[in-house]
Amino acid sequence: MTSGGKKLARPAFADDDGAPDLELRTELISPTPSLIARLKSSRLLVAVVAIADETSADGTDKSSHLAAVSMINDAGQKGLLAFTGVDSLAVWDPAARPVPVLGTEAAQSAIADGASALVIDVAGPKRYVVTGIALDELAAAD
1 MTSGGKKLAR PAFADDDGAP DLELRTELIS PTPSLIARLK SSRLLVAVVA IADETSADGT
61 DKSSHLAAVS MINDAGQKGL LAFTGVDSLA VWDPAARPVP VLGTEAAQSA IADGASALVI
121 DVAGPKRYVV TGIALDELAA AD
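Counting in the UniProt record's numbering, the sequence shown runs without a single skipped number right up to 142 at its last residue.
Hint data in this document are derived by calculation from the structure and do not stem from the laboratory. Just so you know, nobody snuck in bad clues.
Below 20 Å or equal to it, Euclidean Cα-Cα: the simulated EDC-like pairs (lysine to aspartate or glutamate) are: (1) 126 - 93; (2) 40 - 113; (3) 40 - 137; (4) 126 - 23; (5) 126 - 87; (6) 40 - 21; (7) 78 - 105; (8) 78 - 113; (9) 40 - 23; (10) 126 - 27; (11) 78 - 136; (12) 40 - 27; (13) 40 - 16; (14) 78 - 93; (15) 40 - 136; (16) 126 - 21; (17) 40 - 142; (18) 78 - 137.
Because the structure is a prediction, the values reported are computed rather than measured.
Assemble the whole structure, with the sequences as input and the hints as a guide.
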């Protein structure tokens, strides 16, 4: 791909329409020993939302930034949110925007952000949480 004489990298998920991997969703419902290996190479959607940095006197945004979304459970543990498809993301928050990444990259981002979990499809169809050794394994590059 070129633009103005410069070569641009092709996006990793250029043809992705946001549809869920139905086989992955099935495996999240009934996990198998190979689930973490499958997640490593699966496309997940990390949720990002706009955060207002500054508002004007009339309440409109003057400036804002996008931030990946984490949640904290009752025990104080932080988890980065990821989704298997735009449908499950929209159920959770229709205003959130998807950023497609490999499962390994989502796990690496969670750990870098100080999270102890990767929470997949928090609003369904089936929530799955990757923690501990499994999160470290998912984050490890092969």
